[in-house]
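Protein chains in written order, with the working numbering: chain A, 1 to 347; chain B, 1 to 347; chain C, 1 to 347.
Any given hint could turn out to be false.
[To be verified] With a straight-line Cα cutoff of 30 Å, these simulated DSS-like cross-link-like pairs (lysine-lysine) come out:
id: 1; chain 1: A; residue 1: Lys280; chain 2: B; residue 2: Lys229
id: 2; chain 1: B; residue 1: Lys54; chain 2: B; residue 2: Lys22
id: 3; chain 1: C; residue 1: Lys76; chain 2: C; residue 2: Lys54
id: 4; chain 1: A; residue 1: Lys323; chain 2: B; residue 2: Lys323
id: 5; chain 1: A; residue 1: Lys32; chain 2: C; residue 2: Lys76
id: 6; chain 1: C; residue 1: Lys76; chain 2: B; residue 2: Lys229
id: 7; chain 1: A; residue 1: Lys229; chain 2: A; residue 2: Lys317
[Claimed, not checked] Stretches of chain C that chain B covers, calculated by requiring three or more beta carbons in the stretch to come under 8 Å of a beta carbon on chain B:
id: 8; stretch: 229-236
id: 9; stretch: 274-283
id: 10; stretch: 332-338
If you are wondering where the hints come from, they were derived from the structure by calculation, not from laboratory data. Cβ coordinates follow ideal geometry from the N, Cα and C atoms, glycine included.
Below, each chain spelled out in residue letters.
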Amino acid sequence: MILNAAQLCKLLDGELVGDGEKKIHGPSQIDKGRPGTVTFLANPKYEDHAYTTKASVLLAGRSFVPREPLSLTLIKVDDVYAAMMFVVEKFSKNGIPEAGISDLAVTDPSCQLGTDISIGAFSFIENECSIGSRSIIYPQAYIGHGTSIGEDVIIYPGVKIYPNSQIGDRCIIHANAVIGCDGFGYRPNEEGHYVKINHVGIVIIEEDVEIGANTVIDRGTLAVTRIGKGSKIDNLVQIAHNVAIGDHTAIAAQAGIAGSSEIGDHVRIGGQAGIAGHIKIADRIEIQAQSGVHTGKFPEGTRLFGYPAINYLDYLKSYALFKQLPELIKRIEDLERQLATTKKLSE
Amino acid sequence: MILNAAQLCKLLDGELVGDGEKKIHGPSQIDKGRPGTVTFLANPKYEDHAYTTKASVLLAGRSFVPREPLSLTLIKVDDVYAAMMFVVEKFSKNGIPEAGISDLAVTDPSCQLGTDISIGAFSFIENECSIGSRSIIYPQAYIGHGTSIGEDVIIYPGVKIYPNSQIGDRCIIHANAVIGCDGFGYRPNEEGHYVKINHVGIVIIEEDVEIGANTVIDRGTLAVTRIGKGSKIDNLVQIAHNVAIGDHTAIAAQAGIAGSSEIGDHVRIGGQAGIAGHIKIADRIEIQAQSGVHTGKFPEGTRLFGYPAINYLDYLKSYALFKQLPELIKRIEDLERQLATTKKLSE
Amino acid sequence: MILNAAQLCKLLDGELVGDGEKKIHGPSQIDKGRPGTVTFLANPKYEDHAYTTKASVLLAGRSFVPREPLSLTLIKVDDVYAAMMFVVEKFSKNGIPEAGISDLAVTDPSCQLGTDISIGAFSFIENECSIGSRSIIYPQAYIGHGTSIGEDVIIYPGVKIYPNSQIGDRCIIHANAVIGCDGFGYRPNEEGHYVKINHVGIVIIEEDVEIGANTVIDRGTLAVTRIGKGSKIDNLVQIAHNVAIGDHTAIAAQAGIAGSSEIGDHVRIGGQAGIAGHIKIADRIEIQAQSGVHTGKFPEGTRLFGYPAINYLDYLKSYALFKQLPELIKRIEDLERQLATTKKLSE
């Protein structure tokens, strides 16, 4: 959506000062303003920026009187914060596809499609899928055979979903994420060659889950890889086969969970952290970035750090001394020298 | 493929008890049964689950007599395990495209295409490619100029292959993997600006290799990046330019191999591990997850751990003492105090 | 492009010896020659390879006289290195799309398109985008609403760009990279459920930036995620929301920068390294692979290593002693024993 300043002013019930024709397509911060955006001045200490910002329109309070000429259009409003929230909300819909199925998408008659859904060009929906009402499939997505997608789901461009996956209501899956591929499972034969284990399980993603761009979630071997409701997964994360993630758990970018591990509810996993396979992480555990967790023995709520991970404060204490090891070794050498002397003296 | 219970019963030469119309599209575990799936009861200790599972059909032995009413359809067979293996195999083909080239795919007349291949909608095959018989290219794949793909290969949706790559027979490449992109090679000029080094080498992937979703393999600078036969690479792995991976080597998710390194045969690399550039890893080395290997000096079969990686047991021993550093420092302080006292006494 | 030996010989103003019909599509190294390629012999010590290489054509000096029969075609030239550079350059254009907009691409009349651009099949360009002259959009790319792309840009297959992104002149974005997706930002409510924070900021990528395959760059929350001019980013890298990367900075594969951090100019970040959020990294800092940088306190040009990262040499010194901890503990035990004896003696 693109509005001009006069249209926006009317929506905000404001007072226009300057060019009403200026076009805007989104909001920006006053010190980082861009042409074509609307910014705001709520705190007088930022007033200097009003005279230098590259934004096209400025929202300010009714009583604001510029002490220098303004090059941008001014809209005076009663409540600057409320107006700005309105603006953010207004333009947040920009670029979102309208309802409708593109002539350039492939869908099969065997699919069950809800009302007001959008399927973009070059998307491919295999047989026996169901897609709930108001869900949006952007262009270039692939939805494998027998997959069910809930209501109000957003699937961004290039997402690939393997067969028989289940995606809950209100999930958001970002571009080029892959859901339901085969797990990394092989049996070595007598010669040490790997024989592939068929993966016939599925992925279940419960409602209100968000999954980042280029993240990968493997399907179960025989059973289910499950992401609990309300959990949020960042970009480039690896979730291996048979993993179960609890509810309202957050996993930051580039973290990885190895096969068959269970992660509790309200767990927080930092970026690039790794969780070994076949362990169980209790509820509300916090894992610092880059840590490697090799055991599930830590109680609920523990904060972990290190490689292998231990209690956060213990790791910091040991690491502080690790940095002092060159001094410690000198103290030990000193002790050895002194003791040798003392021994001679006392002989 | 979807079968009803009666059809499956006939295929298994079994005895049907209950509704023969129940539809099934795959297998599941009895304690994690899902509607539309068939599960099995081989070990009597799991019988309780038979009365609560959500699966639609249950396979059990000829002699099985339920002690409570069953809500699902029962099929009695001679050998429950054999029947279940048949079922897993049967449905593992579900969602696999049939042979044929989609009208919505682009292929060039200069390509050599084998028999019984499948090319999905919105896939793009550039000039001078060859694709061996029975290979499957799912929708939305890109196969660059001059690429050769062997027989019985599976290329999942969204895979992008840069020009002149060579993919061996029976390889499997999972969704959104990228093969053959330029390596990270620049020359800084006098001002410290990076000047791109052209990458005109190629990628050769030998037969029976499997490559995970969103994994990236760079092309060689002038020569070849090579993945040896039978090697298995998990999701989100980085293989840099000029790397050579041996045969039957396994690389877990999110591991990375820097430029020009050589990895031996039957090597096992854990998740998130990193291998420095320009080193050579001997055969059968095992690298623990998250380790950072900076040297190729370790002999065949060594197990490595740590950052930088050392012998596995050595790392564990040192790390055990790292955790005790706060106590060690106290012992050193204690020694210092005692020695001071002793010296005074002996003076 | 494919040339035969006679055509190449003419372009190089050389002397042809052997079959002029041999077809070539690229260069290779003499010890790793491939059929269909041209290789070169400049240093006599590699002459043996000339009789065994699988390349189809050999470039050598005017005075070269083979001491054995050659199976490949020979082209004699004045300056072998200059000829080889010409060949590398010549074939580096292979597989690059010609100018033109595919009938199978979707573009909107509201887009501003420069001259001599290429847009490949199954690419989707949303409303209000602009694409500069001579830029190449490969097949299967998605360019979101309001995005501006400079001149001479290359967007490889499967790249997904979210709305309102800005891509500078001469940028290269490799396959399946994702630009401008929502950052990982939530507010927990009273029950510990995550409420999504709308991301209405943008991504600005300045000129001459290269971005690797499957890399992800999040959009700003309200403002901008910025990549400075001339910076180079490898594959599978994570750049979080509101990050600012300086000019001529290099970031190796699988590294991650957490939200709102600022990275200086000419910084070098090793593979799998992690930078914490909300810190500022000074110019010309060098971060070793897999390091975790938690503070911005290090001065310009510092070399960092470790987890958390400290000065490179300090880390090496401490780590050398970490490996000796099992011996150190023995020395401490020895001191304790000796001191006990000494004390007894002096009593």
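| said: Would the hint linking Lys54 (chain B) and Lys22 (chain B) be met if the CA-CA limit is 30 Å? | reply: Satisfied, since the Cα-Cα distance of roughly 13 Å is no more than 30 Å.
| request: Take a quick look at whether Lys76 (chain C) and Lys54 (chain C) sit within 30 Å of each other, Cα to Cα. | output: Satisfied, since the Cα-Cα distance of roughly 18 Å is no more than 30 Å.
| Is the Cα-Cα distance between Lys76 (chain C) and Lys229 (chain B) 30 Å or less? | With a Cα-Cα distance of about 38 Å, the restraint between Lys76 (chain C) and Lys229 (chain B) is violated, given a limit of 30 Å.
| Under the criterion that the straight-line Cα-Cα distance not exceed 30 Å, is the pair Lys280 (chain A), Lys229 (chain B) satisfied? | Given that 30 Å is the threshold and the Cα spacing comes to 35 Å, the pair is violated.
| request: Quickly compare the C-alpha distance for Lys323 (chain A) and Lys323 (chain B) to 30 Å and report which way the hint goes. | output: holds (13 Å)
| Pair hint outcome, Lys229 (chain A) versus Lys317 (chain A) [Cα-Cα no greater than 30 Å] | violated (37 Å)
| query | Can the restraint linking Lys32 (chain A) and Lys76 (chain C) be considered satisfied, given a maximum Cα separation of 30 Å? | reply | With Cα atoms ~60 Å apart, Lys32 (chain A) and Lys76 (chain C) exceed 30 Å; violated.
| query | Against chain B, does the stretch 332-338 of chain C show at least 3 residues with beta-carbon separation below 8 Å? | reply | It holds: at least three residues are needed, and the stretch 332-338 of chain C offers 3 whose Cβ sits within less than 8 Å of chain B.
| task | Check, residue by residue, whether the stretch 229-236 of chain C contains three or more positions whose beta-carbon lies closer than 8 Å to a beta-carbon of chain B, and give the verdict. | result | holds (count 5)
| message | Please verify the coverage claim for the stretch 274-283 of chain C: does it have three or more residues whose C-beta sits within 8 Å of some C-beta in chain B? | response | That given contact is violated, which follows from only 0 residues of the stretch 274-283 of chain C lying within Cβ reach (below 8 Å) of chain B.
Going through the hint list in order, the structure does not satisfy hints 1, 5, 6, 7, 9.
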